[in-house]
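Protein chains in written order, with full-length UniProt numbering: chain Z, 1 to 243; chain W, 1 to 344.
Don't read these hints as lab results, they were simulated from the structure. Check each hint, because a few of them may be wrong.
To be verified - Cut-off 30 Å, straight-line C-alpha distance, at most; resulting in silico cross-link-like pairs (DSBU-like, lysine-lysine): (1) Lys88/Z / Lys117/Z; (2) Lys170/Z / Lys116/W; (3) Lys47/W / Lys168/Z; (4) Lys170/Z / Lys251/W.
Stated by the list, open to error - So the derived list for chain W, only partly shown, Cβ under 10 Å to chain Z, looks like this: (5) His126; (6) Leu135; (7) Thr136; (8) Asp137; (9) Asp144; (10) Leu148; (11) Asp169; (12) Ser173; (13) Met198; (14) Ala202; (15) Thr253.
We put the beta carbon where it would ideally sit given N, CA and C, even for glycine.
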Amino acid sequence: MILRIFLSLIIVVGIVTSVKGQSSFFRMSITHMVGNDTMQRETNYYTPTGEPFTISRFRYFLSNFALLTADDKYISLAPTYFLIDESKPASKIIELPDIPSGKYKGVRFLLGVDSIKNVSGPQSGALAVESGMFWSWNSGYIMAQVEGHSPLIQSPTREFVFHVGGYKVKDQILKYISLTFPENLELSGKQNVTLQMTADLNKWFLPDTIRFQQQPVIMAPSYQAKRIAANYQHMFQIIGIQK
Amino acid sequence: MKYKATYIVAGFCLLIVLVQGAIVQQKPMPVQLIFPAHFPPPVYDFKHNPLTRQGIALGRFMFYDFRLSKDSTVSCGFCHQQFAAFGHFDHALAHGVAGGQGIRSVPTLFNLIWQKEFMWDGGVNHLDIQPLTPLTDRNEMASDLPDLLTKMRSDTQYRRMFKEAYGSDSITSERMFKAFSQFVATMISANAKYDSVMLHKADFTAEEAAGYKIYQKKCAACHKEPLFTDFSYRSNGLPYLEALNDVGRMKITGSTDDNLRFKVPSLRNVLKSAPYMHDGRFFDIFQVFDFYDHGIKVTATTDPLVKDGLSLNAQEKRQLYFFLNTLTDDSFIKNEGLSEILIN
Chain Z
1 MILRIFLSLI IVVGIVTSVK GQSSFFRMSI THMVGNDTMQ RETNYYTPTG EPFTISRFRY
61 FLSNFALLTA DDKYISLAPT YFLIDESKPA SKIIELPDIP SGKYKGVRFL LGVDSIKNVS
121 GPQSGALAVE SGMFWSWNSG YIMAQVEGHS PLIQSPTREF VFHVGGYKVK DQILKYISLT
181 FPENLELSGK QNVTLQMTAD LNKWFLPDTI RFQQQPVIMA PSYQAKRIAA NYQHMFQIIG
241 IQK
Chain W
1 MKYKATYIVA GFCLLIVLVQ GAIVQQKPMP VQLIFPAHFP PPVYDFKHNP LTRQGIALGR
61 FMFYDFRLSK DSTVSCGFCH QQFAAFGHFD HALAHGVAGG QGIRSVPTLF NLIWQKEFMW
121 DGGVNHLDIQ PLTPLTDRNE MASDLPDLLT KMRSDTQYRR MFKEAYGSDS ITSERMFKAF
181 SQFVATMISA NAKYDSVMLH KADFTAEEAA GYKIYQKKCA ACHKEPLFTD FSYRSNGLPY
241 LEALNDVGRM KITGSTDDNL RFKVPSLRNV LKSAPYMHDG RFFDIFQVFD FYDHGIKVTA
301 TTDPLVKDGL SLNAQEKRQL YFFLNTLTDD SFIKNEGLSE ILIN
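Work out the full structure: start from the sequences and follow the hints.
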């Protein structure tokens with residue numbers, strides 16, 4: 001009996017490791033852009049409507065990754081959360097291990113942190129609140145933020161602060177981003193795939209035109225935050241895949 | 001010679017037993033809270049934060065550690081004083097490091113595991129994340145969280161206490177917050193005279209009983225038994241103060257219907273936790289009675305239950321006072337397991 005249990009255990013472990021051994025490794029490399037330029041902090045840029053500004057901080061959460069199979073099914077990947085930070089190059093490379101073999105035509109992810117993690121108390125890792133990406137006075141994650149300056153802003157600091165968050169129904173700004181691969185991606189065995197992506201900050205300002213003078217400070221779940229989120233859901237683009 | 005080997009082996013075995021004993025001793029010891037029989041089940045989920053003796057001890061140590069504030073002057077217990085049911089005795093508004101002052105009074109702390117939302121406006125949605133606000137608010141402890149974690153990681157005593165509580169000395173914000181909850185979860189106040197009466201172990205005096213009747217008729221709809229709050233947000237007709245400009249729950253929801261609404265506070269230990277109201281404007285419970293009798297200023301959001309005042313005559317106020325006195329839980333206020341510990 002014991003021997004049988006032992007043997008079946010070996011078989012199970014064997015299967016698990018062999019399956020693991022056959023999974024692929026997915027890497028997403030994100031380049032931040034402002035229009036056609038690669039983003040650099042404290043550099044002069046113009047919004048699509050011609051307003052001058054500089055960027056001092058650009059951060060956002062990505063989570064809830066899933067792959068779209070060739071037959072239109074979403075395969076959810078292990079739940080992981082990433083805080084992408086322009087000032088931290090390593091954060092702009094996302095690693096998703098254990099991708100099962102299959103034929104895929106796209107990827108989907110959440111720009112932000114799902115509502116469950118917003119109501120579950122303190123977390124660790126990327127979601128640890130000491131990042132400052134969590135509102136203490138009105139619990140919830142700041143899903144995406146950009147801070148900078150514009151000479152058009154009348155306040156003493158000329159600073160704009162867009163902290164975009166809100167998970168409750170009324171102020172919900174969570175956006176699923178679906179991107180289609182340039183061509184179907186066939187994964188079998190152990191493969192390393194790198195997806196080259198861009199995230200264009202200038203997409204935050206259009207099509208619903210955001211002007212610095214109108215509302216330079218957005219720091220709460222609000223109508224203004226919803227406007228920006230509706231814009232920024234279009235900021236990602238796949239520019240290449242390397243196998 | 002033959003014995004020597006035996007002695008060595010025996011000695012070695014003894015050593016193993018002792019070492020293992022030491023390890024076993026260091027293991028976090030589970031604690032099972034006893035919930036009051038006449039209370040509903042708590043809403044806090046202990047599955048994600050099982051109580052241990054060491055976790056509670058860590059939480060208590062941090063609660064009274066003034067070094068957790070930016071300039072090491074203010075601890076949680078600085079404002080949350082046990083003798084005032086963990087409110088701030090004689091302080092209308094909360095104050096913190098470097099003379100900072102907020103716009104609200106310090107809420108009492110007890111029975112928080114029955115509560116889903118925190119702060120006067122309910123802006124905080126989980127007990128575990130609640131300490132983030134006072135720790136970092138510039139008018140309270142004004143700490144920068146990454147700095148605070150660095151400070152704690154460099155402290156050998158904290159490393160030891162985290163190891164005892166969690167099995168490893170890694171000090172993360174999640175562990176820190178959860179240890180606070182462990183201590184705060186033990187702040188249960190359910191042993192006042194009122195509770196003894198409900199459990200048929202004591203009787204109200206004639207005046208207390210009369211006061212209980214008045215309470216049931218005029219207060220209980222919001223200050224619901226047995227927790228003495230229904231945890232709702234209501235505008236009780238307290239005149240708005242321009243100087244503080246506190247819109248209450250509207251700040252959280254952005255809805256004008258929530259203007260001037262604040263959380264209904266518990267009446268337990270109420271006579272120990274003056275001053276009253278979200279801005280501490282009343283220093284005496286009789287001022288509160290007078291306010292409900294004839295001080296209500298009706299606005300668009302004022303609760304229908306108090307719109308016309310509660311009309312309390314002198315005798316009723318006196319009886320109500322005697323009833324409220326039966327909500328004072330001395331065993332809680334004097335519970336040595338919750339008392340301040342000296343931090344060196």
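Each hint, compared with the structure:
This hinted pair checks out: Lys88/Z and Lys117/Z have alpha carbons roughly 24 Å apart, not beyond 30 Å. For the suggested pair Lys170/Z and Lys116/W, the alpha carbons sit about 19 Å apart, so the restraint of at most 30 Å is met. The suggested pairing of Lys47/W with Lys168/Z holds, with an alpha-carbon distance near 25 Å, which does not exceed 30 Å. A hinted pair counts as satisfied when its Cα atoms are at most 30 Å apart, and Lys170/Z with Lys251/W qualifies at roughly 14 Å.
The beta carbon of His126/W is positioned within 10 Å of a beta carbon in chain Z (closest approach about 4 Å), and the interface hint is therefore held. The criterion of a C-beta within 10 Å of any C-beta in chain Z is met by Leu135/W, whose closest approach is roughly 8 Å, and the hint holds. Nearest Cβ of chain Z to the Cβ of Thr136/W: about 6 Å, under the 10 Å cut. The hint holds. Evaluation of the Asp137/W hint against chain Z yields a held restraint, the C-beta minimum of about 7 Å falling below 10 Å.
About 8 Å separates the beta-carbon of Asp144/W from the nearest beta-carbon of chain Z, less than 10 Å, and the hint is met. Taken as an interface hint, Leu148/W checks out: its beta carbon lies about 8 Å from the nearest beta carbon of chain Z, inside 10 Å. Of the supplied interface hints, the one on Asp169/W is violated, with its beta-carbon coming no nearer than about 15 Å to a beta-carbon of chain Z, more than 10 Å. Proximity of Ser173/W to chain Z holds as hinted, the smallest CB-CB distance being about 5 Å (cut-off 10 Å).
Given hint, Met198/W at the interface with chain Z, is violated; its Cβ is 32 Å from that chain's nearest Cβ, farther than 10 Å. A hinted interface residue such as Ala202/W counts as satisfied when its beta carbon comes closer than 10 Å to some beta carbon of chain Z; here the least separation is about 38 Å, so the hint is violated. Checking Thr253/W against chain Z: minimum C-beta separation of about 7 Å stays under 10 Å; hint holds.
In summary, the numbered hints that this structure violates are 11, 13, 14.
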